[in-house]
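Novice: The sequence shown begins at 1 in the numbering used here and counts up by one.
DMTMM-like mimics (lysine to aspartate or glutamate), calculated; alpha carbons at most 25 Å apart, straight line:
(1) Lys86 <-> Glu133
(2) Lys86 <-> Asp124
(3) Lys84 <-> Glu137
(4) Lys121 <-> Asp149
(5) Lys116 <-> Glu145
(6) Lys86 <-> Glu159
(7) Lys86 <-> Glu145
(8) Lys84 <-> Glu159
(9) Lys86 <-> Asp149
(10) Lys121 <-> Glu111
(11) Lys84 <-> Asp124
(12) Lys84 <-> Asp46
(13) Lys121 <-> Glu145
(14) Lys121 <-> Glu133
(15) Lys121 <-> Glu25
(16) Lys86 <-> Asp126
(17) Lys84 <-> Asp126
(18) Lys84 <-> Glu125
(19) Lys84 <-> Glu133
(20) Lys121 <-> Asp46
Think of the hints as simulated: they come from the structure by calculation, not from any bench.
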Amino acid sequence: MTESVEPSNQASDEARSADRASINEPRRISPGGRLSAKMSTLARQDTAPELALRSALHAMGLRYRVQVHVPGNRRRRMDIAFTKVKVAVFVDGCFWHGCLAHGTRPTTNREWWDWKIEGNKARDEDTNRLLAEHGWEVIRVWEHESAVDAAVRVRQVVEARRRPS
Numbered sequence: 001m002t003e004s005v006e007p008s009n010q011a012s013d014e015a016r017s018a019d020r021a022s023i024n025e026p027r028r029i030s031p032g033g034r035l036s037a038k039m040s041t042l043a044r045q046d047t048a049p050e051l052a053l054r055s056a057l058h059a060m061g062l063r064y065r066v067q068v069h070v071p072g073n074r075r076r077r078m079d080i081a082f083t084k085v086k087v088a089v090f091v092d093g094c095f096w097h098g099c100l101a102h103g104t105r106p107t108t109n110r111e112w113w114d115w116k117i118e119g120n121k122a123r124d125e126d127t128n129r130l131l132a133e134h135g136w137e138v139i140r141v142w143e144h145e146s147a148v149d150a151a152v153r154v155r156q157v158v159e160a161r162r163r164p165s
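I would like the entire structure built from these sequences, with the hints used as guidance.
Specialist: Right, dumping it as structure tokens:
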């Protein structure tokens with residue numbers, strides 16, 4: 001009796017491998033001691049732009065919560081949340097979120113930084129989508145924006161959502 005031989009799935013295996021490689025983290029060179037130390041001290045929350053915006057919102061009489069979990073993804077948090085009216089505010093750093101006006105890319109490990117920042121932008125879009133699916137309105141504020149101007153923009157959205165339909 002002869003055994004039947006399954007056709008090789010080599011082509012599909014190679015395609016899956018190529019897909020995984022395209023999303024895998026690129027190789028990077030370890031940063032020098034000074035840079036590594038500097039990067040490890042950067043705040044992820046309560047940054048100066050966040051505190052300035054929160055202060056401006058508070059001065060306008062607006063009350064909010066901070067670091068509220070994003071519905072549908074407990075690993076992500078809103079910088080500022082107006083939970084009763086479902087308004088989420090994120091203060092995005094120009095470097096980390098790829099601001100077209102002010103964002104810069106390091107020359108060392110360029111491929112890795114491009115991958116990292118593009119990943120951050122994709123995560124931001126996914127977070128916006130998750131929040132919208134749960135009825136939230138998302139406001140993104142760049143760190144270079146005036147805190148007062150951003151607070152006025154946030155107040156307008158919050159007040160509009162407070163009004164009965």
